[in-house]
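Peer 1: Here is how the chains run, residue by residue.
There are 2 protein chains.
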Amino acid sequence: MTRALMIGFGSVGQALVNMILDRSGKLAGRGFSFQAIGVFTRTRGNRLDPKGLDLKALLYDISAHGKFMGETTDMAALEACRTLDYDVLIELSPLTIADHGEPAVSHIKTALSRGLDVVTANKGPIAFAYDELRDLARKSGGRLLFESTVMDGAPVFNLVSRCMKGNAVTGFSGILNSTTNYILTRMEEGDSLAAATQEAIDAGIAEADPSNDVDGWDAAVKTAVLARALMGAGIDPFDVMRQGIGNITDEAIQNASARGKRVKLVCRGWKENDAVKTSVAPEELDKTHLFAGLSLFDAGLCIETELMAPNCIIQKDPTPRDTAFGILEDLLSLDERPKEAGCAGNHPCA
Amino acid sequence: MTRALMIGFGSVGQALVNMILDRSGKLAGRGFSFQAIGVFTRTRGNRLDPKGLDLKALLYDISAHGKFMGETTDMAALEACRTLDYDVLIELSPLTIADHGEPAVSHIKTALSRGLDVVTANKGPIAFAYDELRDLARKSGGRLLFESTVMDGAPVFNLVSRCMKGNAVTGFSGILNSTTNYILTRMEEGDSLAAATQEAIDAGIAEADPSNDVDGWDAAVKTAVLARALMGAGIDPFDVMRQGIGNITDEAIQNASARGKRVKLVCRGWKENDAVKTSVAPEELDKTHLFAGLSLFDAGLCIETELMAPNCIIQKDPTPRDTAFGILEDLLSLDERPKEAGCAGNHPCA
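Listed in order, the protein sequences are those of chains F and V.
Numbering that gives the first Met the number 0 puts the first sequence at residues 0 to 349.
Numbering that gives the first Met the number 0 puts the second sequence at residues 0 to 349.
Take the hints with a grain of salt, since some may be wrong.
[Claimed, not checked] Now the stretches of chain V that chain F is said to cover, found in silico as 3 or more residues with beta-carbon under 8 Å:
#, segment
1, 12-26
2, 47-53
3, 67-73
4, 99-113
5, 153-159
6, 300-314
If you're looking for bench data, these hints aren't it; they were derived computationally from the structure.
Using N, Cα and C, we set each Cβ at its ideal position, and we do this for glycine too.
Given the sequences, and given the hints that come with them, work out the whole structure.
Peer 2: Structure below.
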C-alpha cells in the first residue's frame, strides 16, 4: 500500500487520480495499491484522512464545486509534510522562480529528511536545489524521482539512469516549452506575436501573464533541471543564458520561412572545458532539422553521450495524462524496489 | 567479475571489447570487471581460456591477421555453450532467416537452460523464438537481454520495460533498416536503384547479396522482434506483411519529391481487435513527417501506448559502437541486479 500526501490538485493531480482509479484492477495485479491520506491545495482547500481519502469524492468536488467540500483542515502544507504518516510525498505545487522553487523545496526537504520518498512534477526544486535534495536523499534513505518535470511523462531522467548506465551525458538540445512552440507555429501561419500569444492565453495554454513562457523562463528552468540532473552542472535557472521570443517580429518568422527555415526556441547544454554551459534562445533551423518537425505542442530532446550517437526523444502532442503517467511510473518504481536499493532514483546508485 | 562466452567477433564484438578496455577504469569504479573465457567465430577461429583471454591480443590478431593466432580449439560453439564455465553468453552470430534464427536459438536455449544469463544483439532468436526463450529464462532463473537487436544500443526494450511500467504498448512505427534508408536517400539525390544499391554494397553497408535489406527481410525481422517483445504477438518474420523497395522506380522517387513527399520503408505494428498486425512497406511521407527527416543511416521508432501520447526515439547516424554500448549496458544491468530479482530482463517481473 502506497500512502501518499499530495500537494497540489490541478489538472495533473486530477489526471493522476483518475488514472489510478481507472486502472485500479491492473495496478492491483502488479501489487500496487494507493491511498491519499492528505491533499493540500492553495485555493481549493485541504483534505485529510489517515485512513485514506475517497478519491472519487475529491474529483467530484473539484468538478462540481471547484473546491473540496466537507471537513477541511487549516494545517499548513509544510506542517503536513513534517507530521503526517505517509510513504511518499507527491509534490505538484506550481513552479516559482523569484522564490527559487519555494515552498516546494521545503516540502521536499522535509519529507526526504524523514527518510520518506518524493515524486515531483514541479521542476522548481530540481532546478534550484537538486544537489542538496539528492544528497539529503542519499543520507536519509528517502528517494527522489522527478520524471515528469521535463517533457511530461516521456522518459528522460529514468531513460538516462536506467537505460544508459556506464555512459555519460555530454550535451543536450531540446524544444521544451509548448507555449512558445505554439506561438511560433501560429506566427508561421500568419498570426502576429500579440495575436498568437492572446490565442494561447484564451486557449488556456499560456497563463494570463505569459511572460514566464515568452521570456524563456520556463525553458530556462527545464534547461537547468537537465544540466543539473544529467550533467552534474552547478547552476540554477538564473545562470542559463536566456533569450525569449518577445522581440521576434512577424517579418522575421515569414522571412525565415521563405528561406526554408523555421524559428524555434531551443534549449541547449554543452561542455566547455570542464564546465557545463547552457542557453535558451530562438534559432533558425533548416526545415530538414529534426526539431523543425515539431509543431504546436510537440516536444523533443536530443541527448549526446560519450558512447553513443545522439538519441532523441520526441513527444507528439502530450496532455496532462502524460504528466500523470510519469508520476504513476515513478510511484510504481518506488513501490517495486526495496528502499535499501536506493538506486531506483534518478541519481546513480553510488 | 562477469565471465563471458562470446559467439561472434565481428565489428560489434570488437567494438564491445574495445569499449570495455577503453573504459576499464570507469567500469571498475562501478564494480564491473569482465573476462572472456571463450570466443567462438565462424571464420576467424575459436579461442578458449578458463582464466580469461587476453582481450588486446584478440583485437590485435583480428586487425593484423584477420583471424585468431596461437592455440585454438575445435570445440563446437554449441558444445561451448553447454559445457564451459561462464556467467553470461554474448550471442553475436549473424542473423539467419531460412534457418529460423538457428544456430543462435540453440546457443541461447542451451545457456538459459543452465540458468545462465544471455545478452544478444542477434535479432533472429528473438524474432523466431522469443516466447520460448522468455519462458525458459523464467523457469531456469537465467536472464535474457537484447537491447541491441533493434536500433543498435538506443533504448527500446529497456525503455519500455524500465521506464513505462504500468503502461501497455498498443502500436509502433519505425524506420529501422539503414541500408534501404541509405538507398532511398541516394535515389532522391538522383541515383538509380541499381547504382544506389551498388554504392551501398561498395561502402560495406549492404552485403554482397543485398536482398535481405532490399526485399524488406531485415525490417520484417525487426518488426517481428518489436511485435513479440513489446506487444506479445505470436508471430514470426514470415507473418509480417512485407514489401521491399526492389520495385521502386527512380521516377516514383522523383515524383514523390516533386509533390513534397519522401519515400521511406516503414515498419508498423498495430492492434486489430485483439490481434497484433504487422507490416513493412514503402510509404510516401509528407516532408513534415517526423520520419521524413531521417536520412541515410538515421533510424527512428514511435511507440504508442495506452496512457501516453506517442513517444519516439530517433537515432542520428549510429555506428557499431552504438550496438556495442547496448550490449555493455545490458551486461552492467545484469551485473548490478541480484539474479533472483529476475526482472532486470526485458520481460515483466511477473
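Peer 1: Closer than 8 Å Cβ to Cβ for three or more residues is the test here. Does the segment 67-73 of chain V pass it with chain F?
Peer 2: Since 0 is below three, the answer is violated.
Peer 1: Do three or more residues from the segment 99-113 of chain V put their C-beta atoms closer than 8 Å to C-beta atoms of chain F?
Peer 2: With 0 residues closer than 8 Å to chain F, the segment 99-113 of chain V misses the three-residue bar; violated.
Peer 1: Okay, the segment 153-159 of chain V and chain F, do three or more residues pass the C-beta test at under 8 Å?
Peer 2: holds (count 4)
Peer 1: Can the segment 12-26 of chain V be counted as covered by chain F under the rule of three residues or more with Cβ-Cβ separation shorter than 8 Å?
Peer 2: With 4 residues close enough to chain F, the hint holds.
Peer 1: At least three residues with a C-beta closer than 8 Å to a C-beta of chain F: is that true for the segment 47-53 of chain V?
Peer 2: Since three or more residues must qualify, the claim that chain F covers the segment 47-53 of chain V is violated, with 0 doing so at under 8 Å.
Peer 1: Please check whether the segment 300-314 of chain V has three or more residues whose CB lies within less than 8 Å of a CB on chain F.
Peer 2: As far as the segment 300-314 of chain V goes, the hint holds, because 10 residues have Cβ atoms under 8 Å from chain F.
Violated hints, listed in ascending order, are 2, 3, 4; each of the other numbered hints is respected by the structure.
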